[in-house]
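Generate the whole structure from the sequences, applying the supplied hints.
Here the protein sequences line up with chains C and P, keeping their order.
No gaps in the numbering here: position 179 of the first sequence is 179 in this note's numbering, and each next residue is one more.
No gaps in the numbering here: position 109 of the second sequence is 109 in this note's numbering, and each next residue is one more.
Derived by calculation from the structure, the hints in this document are not laboratory data.
Mixed in with the good hints, there may be bad ones.
Stated by the list, open to error - Coverage of chain C stretches by chain P, computed from C-beta distances (three or more under 8 angstroms per stretch; other residues unrestricted):
| hint | stretch |
| --- | --- |
| 1 | 5-17 |
| 2 | 144-154 |
| 3 | 204-217 |
| 4 | 383-397 |
Said to hold, decoys possible - So, partial list: chain P residues that the calculated Cβ filter (under 8 angstroms) puts toward chain C:
| hint | residue |
| --- | --- |
| 5 | Leu8 |
| 6 | Phe12 |
| 7 | Tyr38 |
| 8 | Glu44 |
| 9 | Ser47 |
| 10 | Met98 |
| 11 | Arg101 |
| 12 | Gln133 |
| 13 | Leu210 |
| 14 | Lys266 |
| 15 | Pro270 |
| 16 | Arg376 |
Model, not experiment: these values are computed from the prediction.
Think of the CB as a built atom: it goes at the ideal place given N, C-alpha and C, for glycine as much as any other residue.
Protein chains: 2
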Amino acid sequence: MQKVKPALLRGFDQEYLPQDQLQFNRLIDIARRNFERYGFLPIETPSAERREVLTSKGGVEKEIYALTRLAEADDDEAATKGALRFDLTVPLARYVAMRERELAFPFRRYQIQRVWRGETPQARKGRFREFYQCDIDIINRDRLSYLAEAEIPSVIYSVFREMAIGEFRIRINNRKVLRGLLQEFGVAQERSPQVLRILDKAEKEDGARLVEELEREGLARGAAGDLFGLVVKKRSTQETLAVLAPLKGCAQGLEELAQIAEAIGKFGVPDAAFAIDLGVVRGLDYYTGTIYETMLVQYPELGSICSGGRYDDLASYFTDTRLPGVGISIGLTRLFSKLKEAGLLQPLETTPAQVLVTTMDPRYLDRYLGVAQALRAAGVNTEVYLEQARLGHQLTYADRKGFRLAIIAGENEFGRDVVQIKNLTTKTPRDVPVSDIVSAVTQELR
Amino acid sequence: MQKVKPALLRGFDQEYLPQDQLQFNRLIDIARRNFERYGFLPIETPSAERREVLTSKGGVEKEIYALTRLAEADDDEAATKGALRFDLTVPLARYVAMRERELAFPFRRYQIQRVWRGETPQARKGRFREFYQCDIDIINRDRLSYLAEAEIPSVIYSVFREMAIGEFRIRINNRKVLRGLLQEFGVAQERSPQVLRILDKAEKEDGARLVEELEREGLARGAAGDLFGLVVKKRSTQETLAVLAPLKGCAQGLEELAQIAEAIGKFGVPDAAFAIDLGVVRGLDYYTGTIYETMLVQYPELGSICSGGRYDDLASYFTDTRLPGVGISIGLTRLFSKLKEAGLLQPLETTPAQVLVTTMDPRYLDRYLGVAQALRAAGVNTEVYLEQARLGHQLTYADRKGFRLAIIAGENEFGRDVVQIKNLTTKTPRDVPVSDIVSAVTQELR
Chain C
1 MQKVKPALLR
11 GFDQEYLPQD
21 QLQFNRLIDI
31 ARRNFERYGF
41 LPIETPSAER
51 REVLTSKGGV
61 EKEIYALTRL
71 AEADDDEAAT
81 KGALRFDLTV
91 PLARYVAMRE
101 RELAFPFRRY
111 QIQRVWRGET
121 PQARKGRFRE
131 FYQCDIDIIN
141 RDRLSYLAEA
151 EIPSVIYSVF
161 REMAIGEFRI
171 RINNRKVLRG
181 LLQEFGVAQE
191 RSPQVLRILD
201 KAEKEDGARL
211 VEELEREGLA
221 RGAAGDLFGL
231 VVKKRSTQET
241 LAVLAPLKGC
251 AQGLEELAQI
261 AEAIGKFGVP
271 DAAFAIDLGV
281 VRGLDYYTGT
291 IYETMLVQYP
301 ELGSICSGGR
311 YDDLASYFTD
321 TRLPGVGISI
331 GLTRLFSKLK
341 EAGLLQPLET
351 TPAQVLVTTM
361 DPRYLDRYLG
371 VAQALRAAGV
381 NTEVYLEQAR
391 LGHQLTYADR
401 KGFRLAIIAG
411 ENEFGRDVVQ
421 IKNLTTKTPR
431 DVPVSDIVSA
441 VTQELR
Chain P
1 MQKVKPALLR
11 GFDQEYLPQD
21 QLQFNRLIDI
31 ARRNFERYGF
41 LPIETPSAER
51 REVLTSKGGV
61 EKEIYALTRL
71 AEADDDEAAT
81 KGALRFDLTV
91 PLARYVAMRE
101 RELAFPFRRY
111 QIQRVWRGET
121 PQARKGRFRE
131 FYQCDIDIIN
141 RDRLSYLAEA
151 EIPSVIYSVF
161 REMAIGEFRI
171 RINNRKVLRG
181 LLQEFGVAQE
191 RSPQVLRILD
201 KAEKEDGARL
211 VEELEREGLA
221 RGAAGDLFGL
231 VVKKRSTQET
241 LAVLAPLKGC
251 AQGLEELAQI
261 AEAIGKFGVP
271 DAAFAIDLGV
281 VRGLDYYTGT
291 IYETMLVQYP
301 ELGSICSGGR
311 YDDLASYFTD
321 TRLPGVGISI
331 GLTRLFSKLK
341 EAGLLQPLET
351 TPAQVLVTTM
361 DPRYLDRYLG
371 VAQALRAAGV
381 NTEVYLEQAR
391 LGHQLTYADR
401 KGFRLAIIAG
411 ENEFGRDVVQ
421 IKNLTTKTPR
431 DVPVSDIVSA
441 VTQELR
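See below:
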């Protein structure tokens, strides 16, 4: 028979073996648990939205995947008007606008789902066409306290600390400070978004070229270099505050930034884990207050693994209600691919594969099954080897799948009412009475 | 500003409020935990596959959503050759064929992801265009023991028992028995698939009309009625075995069915939870041994909530390796919508919303945050109300979000080094020393 080649689509190719999938799921579970610890509740939204919903903010059409039917079909809205979401923020805005009266505000939600973007895939940069985003947002009606902005880093901190991905630093800045800086340097209001987008590249691209780009936006040669230098230079939080203090245009932003930086400490984030950094710029127009990036201290080349900011109005395209909010997003697929590459994934403390009950003599099926049921009832993940195979083959399977213990028993053992427990790490076997199996196994697994 | 209407696409509309999403996530967590307890490992596959992969088995094109770009784009395989998966079995076949050498066999995998089908949405039947499937399969190379078929019901049993969705019954049949029956009734080999599809509708559609359909497939009037009657009649397992015993064509299938039914009991499934039932037919061609359906005893009208079967070769379109397997699928979105409708969702034992620390006096921010940090460190989900609002407003928020306890404190309380813990269910408040807060709260939550 003519075979179809089993292959994946370019950019839709972050598919893991089970051991890696377990690692990935561990990261998701840690995120969920920590988000819930802080009072965030889960939502999921459909993969496809109405096209006019997705494009309401404008400017993203070129990256959107639309749906169509493979064969002709009548009356399918999804195929004529639907497209896949490219982020979780637009669906959130639509969700809140639709369900405003059913939600309790401040609305704190987390959402961990796949998104799709027609970008050029670059595995080296961790850029794919299908990937997970992991978002939290706090949305309120009409007003939102600066304390919400101050709380976000404590959530990020607790997530990454538990993920144990090495030393990290949450860097914050404030859009009002950046606007003030641009004003001080005489950047015209209408040029600001473009200037911010240039400055956002300061840590990734060639400085001389970016200074030239700034000049093309109307900055004088010296001013462009000064602005660039101010943004890109690494300073302590105190030094940064001192540098900004004389700049009148930054006064309001600076006060806010200092206030939030102080509150971040009160929310339990240690000083070493965060910093004010003027190099945090973020490309997106709609941020208006605190902006966040998070770097791995040992691997700055990975770029920001968690970014976001404060915005003034989430859903202005859908509703007249003013919905200020603050949120961050972890690009989980990219983070995972980078952690794996850098060898930063922790070994799993518990795996689903704990005990394999081998079956060397089919006559004892009932007893093998009885052992497995007793272990499962005690919360131990237990698999029975159901095929007929030599014991050596069964133990090879146990090793490949990562089981920690094997139970081995035949006539010799059951005749004495014992089973052998073999520790697959230390390779040591010991006999235990069948009646003690649960306590012996749970002890061995500890 | 002209607003965009915040609305969903027809069939892409199973979107929940956070309280329902928590319930849905609870079902997923139960499935995951039980699957892992039995040695199944997780995989996820990309949402989009190559079109020739999805259509390799043929006959499904008309329900497939393909991808396209909303705006012109160069060099995007996904947009020219990609489409969304319509089930989790075809991606599994592609996955196993691609990674054959990296997997340990028997390969036991679970997969809980969304699938997309261009069917006509019918909320009444729980039929949507985007929905979750929750699958397990056991795949081996070359041969697969009947014990794998016997184990599947024990996994289903443990999942639904923990979900606590009321009494359920796992009904099994065997394709070899059905083939034997058809042979006894003189159905030509090439008519078998169509006859099976007709019999599969026996419990849902009008009997007289189905008997006519059977006649159109070549059965004589009397024979069609007899076959229909045999399949549709409810009997005990023993009665069914007795009815089939004299039929020579069924002998092999019957022996297998009886053997598997006996083994199912050994795997720990109580007699009351399963039954042999000739009415289990399943429409799909490729099943070859045991087939499964699961019904809620009190709500037979919901139809099967978990179905599957044994097949002889998973991935013949992709590889020459013979990969026999057995698997079942839970249509989780449909199950959830039906459970909700029938009022069968259990109240959540724990919710993310456990304690709300109210903030009636901003001067005590540090102390509010300190209380919250202590509680979180003890594993209690704790939110601090960060906006400035009257206490009554904060308590209304606590009620709406489902918090179980509120911490209330101001000058009066902190002056005496106590806080008030208010149980939001019983409405009773009590003062506890700040130093005892963790033990008092954990005790109250028990």
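Okay, the hints, checked on the actual structure:
1. For the stretch 5-17 of chain C, the stated coverage by chain P is satisfied: 13 residues place a CB nearer than 8 angstroms to a CB of that chain, which reaches the threshold of 3.
2. With 5 residues bearing a CB less than 8 angstroms from a CB of chain P, the stretch 144-154 of chain C meets the requirement of three and the coverage assertion stands.
3. Counting residues of the stretch 204-217 of chain C whose beta carbon lies closer than 8 angstroms to any beta carbon of chain P gives 0, which falls below the threshold of three, so the coverage claim is violated.
4. As drawn, the stretch 383-397 of chain C meets chain P at 6 residues by the rule of a beta-carbon pair under 8 angstroms; at three or more, the given contact holds.
5. The beta carbon of Leu8(P) comes within 6 angstroms of a beta carbon in chain C, closer than 8 angstroms, and the hint placing it at the interface holds.
6. With 8 angstroms as the threshold, the beta carbon of Phe12(P) comes within range of chain C, its nearest partner Cβ sitting at about 4 angstroms, so the hint holds.
7. Annotation: interface hint on Tyr38(P) holds; nearest CB of chain C at approximately 6 angstroms, less than 8 angstroms.
8. With 8 angstroms as the threshold, the beta carbon of Glu44(P) comes within range of chain C, its nearest partner Cβ sitting at about 6 angstroms, so the hint holds.
9. Among the interface hints, the one on Ser47(P) holds; its C-beta lies about 6 angstroms from the nearest C-beta in chain C, closer than the 8 angstroms criterion.
10. Because the smallest distance between the Cβ of Met98(P) and any Cβ of chain C comes to about 4 angstroms, under 8 angstroms, the interface hint for this residue holds.
11. Because the smallest distance between the Cβ of Arg101(P) and any Cβ of chain C comes to about 11 angstroms, over 8 angstroms, the interface hint for this residue is violated.
12. The interface hint given for Gln133(P) is broken, as the beta carbon of that residue sits about 14 angstroms from the closest beta carbon of chain C, more than 8 angstroms.
13. The interface hint given for Leu210(P) is broken, as the beta carbon of that residue sits about 27 angstroms from the closest beta carbon of chain C, more than 8 angstroms.
14. Given hint, Lys266(P) at the interface with chain C, holds; its Cβ is 5 angstroms from that chain's nearest Cβ, closer than 8 angstroms.
15. Interface restraint check: Pro270(P) against chain C, minimum CB-CB distance 12 angstroms, threshold 8 angstroms, status violated.
16. For Arg376(P), the interface hint holds, since its Cβ comes within 8 angstroms of a Cβ in chain C; the closest pair sits about 5 angstroms apart.
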